[in-house]
Amino acid sequence: MSTGVAGMAPDVQEPAVVATPRRRRPMTPSMRIGLTLVGLIALLALVSFVWTPYDPTAIDADARLTGSSASHILGTDKFGRDVLSQIMWGARTTLFVGVVAVGVAALLGTPLGVLAGMAPRGVDQFIMRACDLLLAFPALLLAIMFGAVFSASTLTAMLAIGLATVPAFARIARGGTLQVVRSEYVLAARSAGRSRWAIARRHVLPNIAPLLIVQSSVAFGIAVLAEAALSFLGFGTKPPNPSWGRMLQESQETLHSTPMLSVWPGLAIALAVLGFNMLGDGLRDRFDPRLDDRR
Amino acid sequence: MSAADAPVPAGATDGPAPVIAPVLQVSDLQVKTAHTTLLHDMHFTLGAGERLGIIGESGSGKSLTVLSAMGLLPDGLTAEGSVRLSGCDHDLVGATEAQMARIRGQRMSMVFQEPMTALNPLMRVGAQVAEVMLLHGKHSDKRAAAADAVEMLRRVRIPDPQATARAYPHQLSGGQRQRVMLAMALSNDPAVLICDEPTTALDVTVQEQMLDLIREGVADHDAALLFITHDLAVVASVCDRVLVLHDGRIVEEGPVARVFTTPEHPYTQSLLAASDLESGGRGERLRNAGEARTAAAPSAPAPSGVAPSAGAPSTTAAHGRPGRAAHAAEADEGDGPLITVRGVERSYRRPRTSLRRPAPEVRALRGIDLDIHAGQRFGIVGESGSGKSTLIRLIAGLDQPTAGSIRFAGQEIAGRKERDLTFLRRDLQMVFQDPMGSLDPRMRVQDVIAEPLVAQGAPAAEQRARVAELLEAVRLPADAATRYPHQFSGGQRQRISIARALSVRPRVLVADEAVSALDVSVRAQILDLITDLVEQYGLTLIFVSHDLSVIRHVCDAVAVMRNGVVVESGATEQVYTHPAHAYTQELLAAVPTLERSLRAHGVHDSQEVLGR
Chain A
1 MSTGVAGMAP DVQEPAVVAT PRRRRPMTPS MRIGLTLVGL IALLALVSFV
51 WTPYDPTAID ADARLTGSSA SHILGTDKFG RDVLSQIMWG ARTTLFVGVV
101 AVGVAALLGT PLGVLAGMAP RGVDQFIMRA CDLLLAFPAL LLAIMFGAVF
151 SASTLTAMLA IGLATVPAFA RIARGGTLQV VRSEYVLAAR SAGRSRWAIA
201 RRHVLPNIAP LLIVQSSVAF GIAVLAEAAL SFLGFGTKPP NPSWGRMLQE
251 SQETLHSTPM LSVWPGLAIA LAVLGFNMLG DGLRDRFDPR LDDRR
Chain B
1001 MSAADAPVPA GATDGPAPVI APVLQVSDLQ VKTAHTTLLH DMHFTLGAGE
1051 RLGIIGESGS GKSLTVLSAM GLLPDGLTAE GSVRLSGCDH DLVGATEAQM
1101 ARIRGQRMSM VFQEPMTALN PLMRVGAQVA EVMLLHGKHS DKRAAAADAV
1151 EMLRRVRIPD PQATARAYPH QLSGGQRQRV MLAMALSNDP AVLICDEPTT
1201 ALDVTVQEQM LDLIREGVAD HDAALLFITH DLAVVASVCD RVLVLHDGRI
1251 VEEGPVARVF TTPEHPYTQS LLAASDLESG GRGERLRNAG EARTAAAPSA
1301 PAPSGVAPSA GAPSTTAAHG RPGRAAHAAE ADEGDGPLIT VRGVERSYRR
1351 PRTSLRRPAP EVRALRGIDL DIHAGQRFGI VGESGSGKST LIRLIAGLDQ
1401 PTAGSIRFAG QEIAGRKERD LTFLRRDLQM VFQDPMGSLD PRMRVQDVIA
1451 EPLVAQGAPA AEQRARVAEL LEAVRLPADA ATRYPHQFSG GQRQRISIAR
1501 ALSVRPRVLV ADEAVSALDV SVRAQILDLI TDLVEQYGLT LIFVSHDLSV
1551 IRHVCDAVAV MRNGVVVESG ATEQVYTHPA HAYTQELLAA VPTLERSLRA
1601 HGVHDSQEVL GR
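Respectively, the protein sequence lines represent chains A and B. The opening residue of the first sequence carries number 1 in our numbering; numbering runs sequentially from there. The opening residue of the second sequence carries number 1001 in our numbering; numbering runs sequentially from there.
Hints in this document: simulated from the structure, not taken from any laboratory. Yeah, the Cβ is synthetic: ideal placement off N, Cα and C, and Gly gets one too. Treat the hints loosely; a few may be bogus.
[Unchecked claim] To give a feel for the contact side, a few chain B residues facing chain A, derived at Cβ under 8 Å: (1) R1425; (2) Q1429; (3) P1452.
[Claimed, not checked] Just so you have them, the derived chain A footprint on chain B, three or more residues with Cβ under 8 Å: (4) 1412 to 1423; (5) 1436 to 1442.
With the rest of the complex left out, here is chain A (with noise of 0.2 Å):
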């Protein structure tokens, strides 16, 4: 029973699964769906910067619901318009709204989040009864309302998306939080001398960051959803630059004669916010501490 210092298993009695290093789970599934799904419109994104079939937004009489076709693979819409080269430029517009809707939810969200988790019992109450309040509009209506004061436009879809999300954030940032602080090394660090601000910055953050990056996952389907609906009603993306959501709007009126004209862009949807949510699902498996103990 000799400690030895240059042994790296003095006193290893424990089998040896626990002490090498952890071990990343295999993906699941879903993960898998999700990151091709979401691998493919981030493609398709990025590939509309430097290449789309046609302009987008450039009209051609000449060839109007023409269907698919070998120089239309997708066919053209009512004006003539390439209907990939929108999805295409759809992609870059509906990761936009995603990414800014959640960055804005995540940053306003997580701070008040470990805020009410780490403050006084009175900020705590406060923060959350007014997520609370936030939580009970609907993000809808919540964008319809920026869209009448302030003019509807890409930006206030993305704010009210965003603003109508914190209340997500903050909770899950809070429930971590929580947790975070009643553990034994956040005493510990206290009782280093660790100001509260690096306890949050040090401790808390690091522990809590699966949760929102799977929250952050989530809330992007949601996102996704919410743009391809407020673009529906004309309170999102505004003509001509192309949205899934406004492209689904106006095959309305040719419903009958073209009905794919209407299938690619809701397809296109349904497969983003199915991506996000399995890609969200997938993280949840792989970070989540309560399936990890099968060690």
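Given chain A's structure and the hints, the job is docking chain B onto it.
Showing chain B alone in chain A's frame:
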């Protein structure tokens, strides 16, 4: 009422009666993962009424043995070999889930370590006991089962079993929950009762009662007992035969009286030496108990570059402890105590349970007076709920007392804001109980260790140098710095905690149950390390534990706490040899010690006990 009201079969209580037909026969049992074998060639037989103990440290495979016998191995592990249970015509290894379900809880039942998680929180305990009997057809009538459940609860001596049967698990104490578990396990007159560390989570006085109940229950039902524990004294007091497991192999087996007196295998010997906190003197090294008989002198020269803490250690024996370097009775405090606690009270308010009555108040501490002198090794001992952790959190300035005063080196701590306690943070550091929970899983070891230094604003270069020194001082390899806590074992993590506590060169080290979660041999190493470092750096030690033998081994003064009051305090030897307070006496009597247990096995010479 109960089927087991028959008189106790004579002879079933004592010793291994000549085994006629084994009740449980395990042979060539192996447990494997996809890559490695965790349990090798396990074999034993258990006769009716026999009590077999399996001892081993965590990871030795003792739980795997019983889990495979019960068919409860976690996914990914497979058992090979054979486990035969009398009255059961198939092998338990490879039995289907349906076959196992018929056996579990009926022919073979189990008591787990954690009584809270093993009981269904949403079901009344009486109903849970009754369910087991209904499930296995002991009763077909719900009423009869409910009545029998109350009877079973009465037999495990639960006060007011009628009322308790209607309680939910969270309304019971840990000891009572464990009694309920035992009642469930015994309710179908099992042939084999398996207890997996049943008393590890319990206080000593409760543990003693629980062990009595297990012994009685097994005798009443003429069941064979398979008792798993890491505690040698407990095994000696409960079992007749013992099996020592190490790294998934049986290293030694035989009657308790033989194995614990003349252990043959070096591992058994080292285990005995490591558990033997009682017979050795205070401050003695545990690791090499044989050669360290005289090691009262300061040991192990300081690793290069590690300076002793504040000032040069004085060589005067401050509190009459010749032979040990006594320290740090520094000039600025004169002769007064370093820490003075006066009339400290702490109460908590529970959430309201009624609109009319005020929120109930819990008085965790009710008037504590203590003096801790510089250079002292001060022990605080008490059972769970005694307020010992609350007290040291107050001393460490992590919580505020409701009333009273706490002075550290002449400065008042009580009522100060945490940010005004920098002097305390520099001079007093803590080591916590849970080696898993007290290190941030997302920080590298070097950042963990340096955190108190960062808080003091030390420059980065000094931090790095200090981390390297400290890793050496706690005998961890230098490359540990860049790893994460989960890559270390419990004992290693506790070393990291100690290194961290020492990083700012404190004068006082507070250890809150610092070895309670560790295996005996690891515990011995950590205790040795703490005593060494206390010597080396001239620290004042405040050591909190529920374990009386650990306190006795480490501390020179002790305070015994109960229900938020110090019932007795004084020099350790005085308190232990002549306890004045009834509670201290009770506490001391309840601690299972090897010597006492072995005396019951007919072994008298204490030298013999230690196999020396």
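Against the structure, the hints:
Satisfaction of the interface hint for R1425 (chain B) is found here, the shortest Cβ-Cβ separation to chain A being roughly 3 Å, below the 8 Å cut-off. A distance limit of 8 Å between C-beta atoms decides the matter here; for Q1429 (chain B) the minimum to chain A is near 7 Å, and the interface restraint holds. Residue-level restraint check for P1452 (chain B) holds (minimum Cβ-Cβ distance to chain A is 4 Å; threshold 8 Å). Figure legend: the region 1412 to 1423 of chain B, annotated as covered by chain A; annotation consistent (4 residues with Cβ-Cβ distances under 8 Å, at least 3 required).
Counting residues of the region 1436 to 1442 of chain B whose beta carbon lies closer than 8 Å to any beta carbon of chain A gives 6, which meets the minimum of three for the stated coverage.
In this structure, none of the earlier numbered hints is contradicted; all agree with it.
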